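Trainee: Each chain is listed here by its residues.
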Amino acid sequence: MLTVLFDGIAYGMVLFILACGLAVTLGLMNLVNLAHGAFAMAGGYAAVVLVNRLGVPFLAALPLVFLLTALLGAVLERLLYVHVYARSHLDQVLFSIGLVFMSIAVVDFTQGSQQQFVRIPDFLRTRFEVAGVSLGAYRLLIIGLCGAVALLLHLAMTRTRFGAQLRAAVDDPRVARGLGINVSLLFAVTFAVGSGLAGLGGALGAEILGLDPSFPLKFMIYFLIVVTVGGTASIGGAFLAALLLGVADVAGKYYLPEVGAFVIYSVMIGVLLWRPQGLFGRVALR
Amino acid sequence: MSAPTAAPASTPTAARAAAQLARLSRWHPLEVAFWALAAASLVLVPDRSLLVAEIAVTALFALSLDLVLGYAGILTLGHAAFFGLGAYAAGIAAARGVTDPLLGLAIGASVATAAGWLSAFLVLRGSDLTRLMVTLGLASVLYELANRLSWLTGGADGLQGVEIGPLLGIWEFDLNGRVAAVYSLSVLFLGFLLVRRIVHSPFGWSLRAVKGNALRAGAIGLPVNRRLVAAYTVAAGLAGVAGALLAQGTGFVSLDVLAFHRSADVLLVLVIGGVGWLYGGLVGAVAFKLAQDLIATLTPQYWQFWIGLVLVALVLVGRDRLAALPARLFRRRAAPALAVREAGE
Numbered sequence: 003m004l005t006v007l008f009d010g011i012a013y014g015m016v017l018f019i020l021a022c023g024l025a026v027t028l029g030l031m032n033l034v035n036l037a038h039g040a041f042a043m044a045g046g047y048a049a050v051v052l053v054n055r056l057g058v059p060f061l062a063a064l065p066l067v068f069l070l071t072a073l074l075g076a077v078l079e080r081l082l083y084v085h086v087y088a089r090s091h092l093d094q095v096l097f098s099i100g101l102v103f104m105s106i107a108v109v110d111f112t113q114g115s116q117q118q119f120v121r122i123p124d125f126l127r128t129r130f131e132v133a134g135v136s137l138g139a140y141r142l143l144i145i146g147l148c149g150a151v152a153l154l155l156h157l158a159m160t161r162t163r164f165g166a167q168l169r170a171a172v173d174d175p176r177v178a179r180g181l182g183i184n185v186s187l188l189f190a191v192t193f194a195v196g197s198g199l200a201g202l203g204g205a206l207g208a209e210i211l212g213l214d215p216s217f218p219l220k221f222m223i224y225f226l227i228v229v230t231v232g233g234t235a236s237i238g239g240a241f242l243a244a245l246l247l248g249v250a251d252v253a254g255k256y257y258l259p260e261v262g263a264f265v266i267y268s269v270m271i272g273v274l275l276w277r278p279q280g281l282f283g284r285v286a287l288r
Numbered sequence: 599m600s601a602p603t604a605a606p607a608s609t610p611t612a613a614r615a616a617a618q619l620a621r622l623s624r625w626h627p628l629e630v631a632f633w634a635l636a637a638a639s640l641v642l643v644p645d646r647s648l649l650v651a652e653i654a655v656t657a658l659f660a661l662s663l664d665l666v667l668g669y670a671g672i673l674t675l676g677h678a679a680f681f682g683l684g685a686y687a688a689g690i691a692a693a694r695g696v697t698d699p700l701l702g703l704a705i706g707a708s709v710a711t712a713a714g715w716l717s718a719f720l721v722l723r724g725s726d727l728t729r730l731m732v733t734l735g736l737a738s739v740l741y742e743l744a745n746r747l748s749w750l751t752g753g754a755d756g757l758q759g760v761e762i763g764p765l766l767g768i769w770e771f772d773l774n775g776r777v778a779a780v781y782s783l784s785v786l787f788l789g790f791l792l793v794r795r796i797v798h799s800p801f802g803w804s805l806r807a808v809k810g811n812a813l814r815a816g817a818i819g820l821p822v823n824r825r826l827v828a829a830y831t832v833a834a835g836l837a838g839v840a841g842a843l844l845a846q847g848t849g850f851v852s853l854d855v856l857a858f859h860r861s862a863d864v865l866l867v868l869v870i871g872g873v874g875w876l877y878g879g880l881v882g883a884v885a886f887k888l889a890q891d892l893i894a895t896l897t898p899q900y901w902q903f904w905i906g907l908v909l910v911a912l913v914l915v916g917r918d919r920l921a922a923l924p925a926r927l928f929r930r931r932a933a934p935a936l937a938v939r940e941a942g943e
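Residue numbers (this note's numbering), protein chains in the order written: chain H, 3 to 288; chain S, 599 to 943.
Simulated from the structure, these hints should not be mistaken for lab results. Since the structure is predicted, the reported quantities are computational estimates derived from the model, not experimental observations. C-beta atoms are modelled at their ideal positions from N, C-alpha and C, and glycine is treated no differently. Among the clues, some could well be false.
[To be verified] Some, not all, of what chain H presents toward chain S, calculated at C-beta under 7 Å:
id, residue
1, Leu181
2, Ile183
3, Asn184
4, Leu226
5, Tyr267
[To be verified] Over the 12 Å line for every Cβ pair with chain S, so calculated as not near, a few chain H residues:
id, residue
6, Val95
7, Phe97
8, Gly100
9, Val195
10, Pro215
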């Protein structure tokens with residue numbers, strides 16, 4: 003019982019790291035970026051190459067993966083995404099689906115279509131017994147790491163000047179621009195950090211979620227659920243939504259395997275109909 | 599349609615509007631040429647009948663999406679839900695002994711129409727993003743359902759034993775697809791006539807008004823939500839017919855009909871041909887399927903890469919600029935008087 007909860011929390015933490023960048027970019031630029039999962043996949047494969055082929059220690063590879071995918075995000079943002087901010091949602095959807103398809107084919111071509119695993123050091127493979135609950139060391143690491151990142155993000159959003167500007171820009175980009183905030187720079191940085199976090203999530207989550215070329219499509223709906231259910235206004239909303247989704251998904255697979263993912267989708271539709279702004283949307287958090 | 603008819607021309611304005619509508623809905627010679635060419639393809643390339651049938655199915659599917667997206671302005675990522683429902687309904691009916699193709703078509707259409715009507719009320723709520731998520735979610739729910747209900751749908755193995763009887767009791771479906779091609783093209787033409795009628799009716803113009811600005815459309819007295827529900831329902835039914843055609847033509851239904859990439863593909867098909875233009879889906883289907891046929895023989899595995907590249911390029915270059923080219927050739931000079939111009943096109 004508690005093990006399921008524990009696994010669910012770890013799963014939700016990974017989902018949060020994967021999706022939090024999307025929450026901000028969607029809220030800030032109103033950009034429907036379905037290709038967010040492609041960055042996560044890039045991070046996963048970067049970890050595979052670094053750890054398995056180049057022999058970089060797993061823990062040292064994680065920050066590298068973050069930097070690499072953040073760089074990739076920044077480059078793509080400057081080169082391609084800037085052109086679609088002002089476009090219609092249809093254009094953004096088409097554009098980002100196109101990117102997803104291309105990323106899938108490229109990864110398939112260079113890495114093969116089979117599922118990949120990141121080699122995890124042995125000390126992370128052990129399990130502990132704490133008060134009768136069996137805890138995996140790797141999942142503990144995930145929870146610790148992702149929890150720390152979430153806390154950092156929260157502090158960055160609420161305590162720093164950058165965070166204040168970002169929140170202002172999410173609330174009303176036009177007025178923020180009028181106040182002299184460089185919104186496009188803000189967005190570029192946020193996009194890069196969000197992509198980097200997605201990459202980090204991809205690297206960490208390869209073990210839990212499975213990593214193969216169809217990753218961006220398989221988990222696209224999960225990211226979108228986190229964002230739409232959590233609302234785009236705060237880190238906290240996305241965090242709670244991700245945890246909820248993670249626990250519900252793991253528990254669902256464990257207790258009701260025959261029902262499958264379909265409960266999650268139904269709940270999402272229900273939530274969206276009930277509160278189109280998300281469960282923890284702007285109104286709820288003020 | 600339930601829209602205020604322009605027929606009793608009591609005032610000069612109404613008379614002018616009626617004349618305008620009639621003039622706009624007249625057949626253009628190029629349209630006739632298009633359909634003549636489509637019919638001729640059956641005789642000219644008899645060995646490619648399977649491809650012709652496939653194109654017709656894709657075209658009908660894209661046409662139904664055009665009604666939702668191009669005319670009513672509803673952004674959907676789950677249109678395959680209705681396509682798949684139609685395919686499964688027709689396929690299951692055939693597997694259970696209802697072998698008449700036209701009856702199967704009717705079953706597929708009615709199941710999809712009912713589903714469309716029910717889900718239309720969900721789709722009405724919220725912004726573009728919410729609609730996107732709800733449609734995507736609905737399609738995913740159906741995919742999961744079809745996957746789980748394997749006693750009904752065959753699950754991941756696909757639906758086996760789809761037996762299709764002869765068309766009208768006369769023509770047997772043959773292996774090289776001649777009958778399927780004729781059948782699919784005829785159904786496509788009928789579907790096209792229906793959509794053409796809708797688009798040129800006052801109802802169709804009111805849809806464009808809703809798409810242009812729902813708030814203003816409501817302010818001039820259009821029942822915005824009812825119009826959207828109606829358009830969504832009709833489009834769902836047409837998508838169901840397309841799915842049923844596929845099931846009958848290939849004699850097989852797999853989970854693939856509900857998959858996400860089908861919704862994405864049909865979006866691409868429509869975008870290639872031009873959104874909000876009657877022939878957009880048809881032209882797009884021809885281009886898409888021919889390109890797929892060509893590329894698939896060269897690099898079957900990486901077909902997806904080229905789709906992606908085309909999508910990205912289309913958006914970066916600008917859809918409207920590209921789409922304006924054929925549309926200008928095909929479309930009659932729009933009348934300034936009845937200028938419910940498709941804003942933003």
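Trainee: Does the interface hint hold: is Ile183 of chain H within less than 7 Å of chain S, judged Cβ to Cβ?
Mentor: Ile183 of chain H check fails; min Cβ-Cβ to chain S is 24 Å, beyond 7 Å.
Trainee: Are all C-beta atoms of chain S more than 12 Å from that of Gly100 of chain H?
Mentor: Gly100 of chain H not clear of chain S: closest Cβ-Cβ about 3 Å, inside 12 Å.
Trainee: Hint check: is the beta carbon of Leu226 of chain H less than 7 Å from a beta carbon of chain S?
Mentor: Given a least distance of 6 Å, the restraint on Leu226 of chain H holds.
Trainee: Checking the smallest CB distance to chain S, is Phe97 of chain H really beyond 12 Å?
Mentor: 4 Å, violated
Trainee: Taking the minimum C-beta separation from Pro215 of chain H to chain S, is that value above 12 Å?
Mentor: 9 Å, violated
Trainee: When the nearest CB of chain S is found for Tyr267 of chain H, is that gap smaller than 7 Å?
Mentor: Check passed: Cβ of Tyr267 of chain H comes within 5 Å of chain S, closer than 7 Å.
Trainee: According to the definition I'm using, a residue is off the interface if its beta carbon is farther than 12 Å from all beta carbons of the partner; does Val95 of chain H meet that for chain S?
Mentor: Given that some Cβ of chain S is not farther than 12 Å from that of Val95 of chain H, nearest at about 7 Å, it is violated.
Trainee: Given Asn184 of chain H as an interface hint, is the shortest Cβ-Cβ distance to chain S below 7 Å?
Mentor: 24 Å, violated
Trainee: Report holds or violated for the interface hint on Leu181 of chain H, using the least CB-CB distance to chain S and a cut-off of 7 Å.
Mentor: This hint is violated: Leu181 of chain H lies away from chain S, its Cβ roughly 26 Å from the closest one there, beyond 7 Å.
Trainee: Confirm or reject the statement that Val195 of chain H sits farther than 12 Å, beta carbon to beta carbon, from all of chain S.
Mentor: Non-interface label on Val195 of chain H holds, nearest chain S Cβ at 22 Å vs cutoff 12 Å.
In the structure shown, a violation is registered for the earlier hints numbered 1, 2, 3, 6, 7, 8, 10, in ascending order.
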